[in-house]
Amino acid sequence: MVIYAYLKFPNLLLDAQGVSHHNECVAIHHQGQIMQCSEQALAEGVVPGMTLSMALTLCPHLLTKTYQADEERRLIHRLALWAYQYSHQVAIWNKGLCIEVSKSKSLFGDLAELTQTLKNAASSQSFQIQLAFGYTPEMAALFVQEGLRPKEHAFQKTLSRISIDAVAIPREQIKRLKNMGFRTVGDYFSAPSRARQARIHQDTFLYFDAIAGRHQTPLSWFSPPPVFDQSVEFLRGLESVDMLKFPINRLTQDAANWLRQRVCVTGQLRWEITQENRNIDVLKVSLNHPVNSATALSDPSWLQLEKLRPASPMTRIRLTIQQVHQASPQKNDLFVKTHDTDRSQLLDRLTARLGKKCIQTPCRLQDPRPEYANQLDNNHNTHPLPHLPPRPLWLLNPPESLGSSPEKAGHTLLQGPERIESGWWDFEPACRRYWICLFQSTRISWIYQDQRSKSWWLAGWFT
Amino acid sequence: MKTNLLRPLFDAGKLWQGNTETTIEVTDTGFPELNTQLCSQGWPAHMLIEFLTDDVFSAPIQCALATWRSQHDARWIAFVNPPLTPCTERLMQEGIDTEKVDVMNIPTDQFAWCLEQLALSGSTRSIIAWEMETLTSTQLRRLQLACQRGHTQLFLVRQLTHRNQASPAPVRVSMQSSITGFEITIFKQPGTNARPPIVVPTELSWIQKPSPARRTTCINKDSSRLH
Numbered sequence: 001m002v003i004y005a006y007l008k009f010p011n012l013l014l015d016a017q018g019v020s021h022h023n024e025c026v027a028i029h030h031q032g033q034i035m036q037c038s039e040q041a042l043a044e045g046v047v048p049g050m051t052l053s054m055a056l057t058l059c060p061h062l063l064t065k066t067y068q069a070d071e072e073r074r075l076i077h078r079l080a081l082w083a084y085q086y087s088h089q090v091a092i093w094n095k096g097l098c099i100e101v102s103k104s105k106s107l108f109g110d111l112a113e114l115t116q117t118l119k120n121a122a123s124s125q126s127f128q129i130q131l132a133f134g135y136t137p138e139m140a141a142l143f144v145q146e147g148l149r150p151k152e153h154a155f156q157k158t159l160s161r162i163s164i165d166a167v168a169i170p171r172e173q174i175k176r177l178k179n180m181g182f183r184t185v186g187d188y189f190s191a192p193s194r195a196r197q198a199r200i201h202q203d204t205f206l207y208f209d210a211i212a213g214r215h216q217t218p219l220s221w222f223s224p225p226p227v228f229d230q231s232v233e234f235l236r237g238l239e240s241v242d243m244l245k246f247p248i249n250r251l252t253q254d255a256a257n258w259l260r261q262r263v264c265v266t267g268q269l270r271w272e273i274t275q276e277n278r279n280i281d282v283l284k285v286s287l288n289h290p291v292n293s294a295t296a297l298s299d300p301s302w303l304q305l306e307k308l309r310p311a312s313p314m315t316r317i318r319l320t321i322q323q324v325h326q327a328s329p330q331k332n333d334l335f336v337k338t339h340d341t342d343r344s345q346l347l348d349r350l351t352a353r354l355g356k357k358c359i360q361t362p363c364r365l366q367d368p369r370p371e372y373a374n375q376l377d378n379n380h381n382t383h384p385l386p387h388l389p390p391r392p393l394w395l396l397n398p399p400e401s402l403g404s405s406p407e408k409a410g411h412t413l414l415q416g417p418e419r420i421e422s423g424w425w426d427f428e429p430a431c432r433r434y435w436i437c438l439f440q441s442t443r444i445s446w447i448y449q450d451q452r453s454k455s456w457w458l459a460g461w462f463t
Numbered sequence: 001m002k003t004n005l006l007r008p009l010f011d012a013g014k015l016w017q018g019n020t021e022t023t024i025e026v027t028d029t030g031f032p033e034l035n036t037q038l039c040s041q042g043w044p045a046h047m048l049i050e051f052l053t054d055d056v057f058s059a060p061i062q063c064a065l066a067t068w069r070s071q072h073d074a075r076w077i078a079f080v081n082p083p084l085t086p087c088t089e090r091l092m093q094e095g096i097d098t099e100k101v102d103v104m105n106i107p108t109d110q111f112a113w114c115l116e117q118l119a120l121s122g123s124t125r126s127i128i129a130w131e132m133e134t135l136t137s138t139q140l141r142r143l144q145l146a147c148q149r150g151h152t153q154l155f156l157v158r159q160l161t162h163r164n165q166a167s168p169a170p171v172r173v174s175m176q177s178s179i180t181g182f183e184i185t186i187f188k189q190p191g192t193n194a195r196p197p198i199v200v201p202t203e204l205s206w207i208q209k210p211s212p213a214r215r216t217t218c219i220n221k222d223s224s225r226l227h
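Chain order of the listed sequences is A and B.
Position 340, counted from 1, in the first sequence is what the numbering used here calls 340; the numbers after and before it change by one each time, with no gaps.
Position 57, counted from 1, in the second sequence is what the numbering used here calls 57; the numbers after and before it change by one each time, with no gaps.
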């Protein structure tokens with residue numbers, strides 16, 4: 001039989017506001033009424049449903065935030081994305097998540113193990129969950145409401161013991177059922193079905209069938225969005241860029257999950273940092289190689305973002321990923337290490353911190369002139385080496401003038417000349433004679449004489 | 001009991017006793033006379049090796065090139081803050097695949113971080129780096145650990161004045177160049193004591209070959225005419 005898990009997030013509204021509510025008296029209010037409050041506020045006597053003025057009277061230092069439906073919706077979608085890694089059937093239902101878990105049991109173990117996995121994952125993401133299982137979402141939600149988590153074989157027995165007051169139907173319907181003599185859900189189901197159907201409202205009848213697992217409510221299943229767009233807001237503006245590290249890690253972790261769920265990789269990240277003075281810093285991070293791991297996304301991002309010098313405290317950070325590519329499985333040899341992955345991550349880190357020009361690759365162009373043939377460039381292909389006389393280890397670019405006599409500069413000619421006459425096509429003609437020289441009896445140099453000006457130049461060093 | 005506890009460290013080459021054979025992974029130096037001076041017959045393959053010299057142009061790069069020629073590792077090599085531009089054609093003449101060479105010029109304040117990233121990445125087999133500003137003992141220790149973790153060999157070229165200062169580098173070598181070669185003194189290495197200096201000759205036969213264009217005489221004639 002199909003089993004559903006219902007996940008309720010007791011601090012959903014507080015989390016949606018990005019409020020750090022663990023050590024503060026915070027409350028979310030809507031239309032003058034408290035909707036949710038932190039544990040500290042509860043300890044001070046503030047309770048949901050209370051008027052805002054009453055709450056402020058009881059707790060003068062209460063920090064209040066207005067309820068924002070958009071933020072709540074955004075967070076529940078983020079949580080759905082998180083839950084998507086545990087099942088391909090996740091639905092946003094009744095301000096919580098409904099997950100079809102019967103098919104996940106083979107991967108994550110029995111319901112107890114799955115519970116532990118979900119709780120550990122939730123605590124690592126710093127949010128609280130309450131969960132229970134049932135044959136229908138309504139049954140699971142009723143168990144969550146009552147704080148019960150029965151095993152699969154005890155679903156019906158536990159259900160039958162639940163008080164009729166606990167079911168989620170209008171108060172007048174509950175009163176009517178109680179007048180009929182039903183005290184528990186078990187009492188209700190012990191009565192003949194036809195008699196119940198004739199006496200109670202159809203919606204109530206269907207709801208009871210649903211909590212008993214006899215009626216399935218159609219669910220609209222969640223699917224990962226085509227574009228990743230998430231943000232984290234800060235109740236109190238962040239003064240230091242260092243404080244962004246944790247939000248960056250959280251966002252890149254979510255982005256990595258999203259990419260993996262879509263079997264995609266990305267090479268482009270767009271970060272937006274909003275400041276209190278409403279300035280928005282936009283930073284585009286380009287990766288050398290498309291990736292989908294959290295570390296490969298967060299490291300280059302952090303190295304670029306740490307260079308920011310915001311003029312005023314930062315209130316929001318947002319990550320957008322629009323360009324994705326289909327991930328292809330790595331063709332790894334069993335005995336070969338994955339150097340390419342290490343290499344691309346290294347390049348991402350270095351270029352993020354030092355700029356794109358920090359790493360250069362030597363390449364040889366097809367030009368007889370040494371200064372044109374020997375390049376440091378990442379964009380050219382190396383041409384094969386023809387048979388050439390020995391070349392020096394080091395090149396001087398530009399060459400150093402030796403005046404009209406190499407001997408006067410300490411260079412004694414040893415071997416040569418090697419004639420190079422080229423460059424007539426690009427208006428920088430070279431007509432030179434290269435010599436290998438002994439410099440002050442200690443080093444071997446490479447010098448040339450320009451045949452037009454007859455001046456001598458130091459081109460490089462052998463040792 | 002103590003020996004058993006330390007055995008994994010000995011086996012991994014992270015700890016050694018004086019005058020004992022260590023089993024660390026090494027790479028051929030390319031010079032037989034230098035190999036005999038080194039414990040396990042070569043440079044440690046995954047360690048920080050200090051070259052202390054006043055000649056930053058010649059001896060260190062010749063040692064590195066000779067080592068790279070003998071390595072059979074498909075990973076990259078890196079020049080960090082070379083004193084001049086390395087000549088691509090010469091590297092090709094040395095048999096080095098220039099498509100797997102990185103040349104990096106790093107600001108002084110990022111030098112240690114950059115070396116650590118290179119050593120840690122696992123994609124670089126060997127690095128030769130010219131120290132621009134004196135690295136602290138902590139930075140050197142971090143580089144040594146990064147080399148071990150990333151299986152990278154790092155030749156760090158430092159000024160000879162650092163010889164009298166302690167360093168966490170497992171191999172420390174001082175070098176002095178001459179026209180015929182360079183004198184190497186290995187004064188710290190794993191598993192053995194300091195060794196007497198040896199002279200590694202520079203391969204200059206290609207210069208000494210008689211050639212039609214050899215100009216001891218012609219030079220004088222040419223120069224007398226020119227100047």
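Derived from the structure by calculation, the hints contain no laboratory data.
Since the structure is predicted, the reported quantities are computational estimates derived from the model, not experimental observations.
All C-beta atoms, glycine included, are put in the ideal place defined by N, C-alpha and C.
Just to be clear, a hint being listed does not mean it is correct.
Distance condition first, Cα-Cα at most 20 Å in a straight line; then the derived SDA-like pairs of lysine to any residue [what the hints assert, rightly or not]:
| id | chain 1 | residue 1 | chain 2 | residue 2 |
| --- | --- | --- | --- | --- |
| 1 | A | Lys105 | A | Ala43 |
| 2 | A | Lys284 | A | Gln375 |
| 3 | B | Lys100 | A | Lys65 |
| 4 | A | Lys95 | A | Gln128 |
| 5 | A | Lys357 | B | Gln110 |
| 6 | A | Lys245 | A | Ala212 |
| 7 | B | Lys100 | A | Lys245 |
| 8 | A | Lys65 | A | Ala43 |
| 9 | A | Lys356 | B | Phe187 |
| 10 | A | Lys357 | B | Thr161 |
Simulated coverage check for chain A against chain B, where a stretch passes if three residues somewhere in it have a Cβ under 8 Å from a Cβ of chain B [as the list claims (entries may be wrong)]:
| id | stretch |
| --- | --- |
| 11 | 20–29 |
| 12 | 344–353 |
| 13 | 383–391 |
Derived contacts from chain A toward chain B, CB cut-off under 8 Å, selection only [unchecked claim]:
| id | residue |
| --- | --- |
| 14 | Leu283 |
| 15 | Ser286 |
| 16 | Ala373 |
| 17 | Asn374 |
| 18 | Gln375 |
| 19 | Asn379 |
| 20 | Trp394 |
| 21 | Leu395 |
| 22 | Pro398 |
| 23 | Ser441 |
| 24 | Arg443 |
| 25 | Trp457 |
| 26 | Thr463 |
*Would you check the hint for A/Lys95 and A/Gln128, treating anything up to 20 Å between C-alpha atoms as holding?*
14 Å, holds
*Does the nearest C-beta of chain B fall within a distance shorter than 8 Å of the C-beta of A/Ser441?*
Holds, because the Cβ-Cβ distance from A/Ser441 to chain B comes to roughly 6 Å (cut-off 8 Å).
*Satisfaction of the A/Arg443 interface hint, Cβ to chain B closer than 8 Å*: 7 Å, holds
*Could you check if A/Trp457 really has its C-beta closer than 8 Å to a C-beta on chain B?*
14 Å, violated
*Under 8 Å, Cβ to Cβ, is where A/Trp394 needs to be relative to chain B, so tell me if that hint holds or is violated.*
4 Å, holds
*Regarding the hint that A/Asn374 lies at the interface with chain B, is the smallest CB-CB distance below 8 Å?*
4 Å, holds
_The hint names A/Gln375 as touching chain B; please verify it with the least Cβ-Cβ distance against 8 Å._
Cβ of A/Gln375 sits 7 Å from chain B, so the hint holds.
*Is the interface hint for A/Leu395 satisfied, with its Cβ closer than 8 Å to some Cβ of chain B?*
5 Å, holds
*asked:* Can you confirm whether the C-alpha distance between B/Lys100 and A/Lys65 stays at or below 20 Å?
replied: 57 Å, violated
*Between A/Lys356 and B/Phe187, is the straight-line Cα distance small enough, at 20 Å or below?*
40 Å, violated
*Could you grab the alpha-carbon distance between A/Lys65 and A/Ala43 and see if it respects the 20 Å cut-off?*
At roughly 18 Å apart (the allowed maximum being 20 Å), A/Ala43 and A/Lys65 satisfy the hint.
*Restraint status (C-alpha distance of A/Lys284 to A/Gln375 at most 20 Å)*: Distance of about 29 Å is beyond 20 Å: violated.
Violation of the numbered hints given earlier is confined to hints 1, 2, 3, 6, 7, 9, 10, 11, 14, 15, 19, 22 and 25; the remaining hints are satisfied by the structure.
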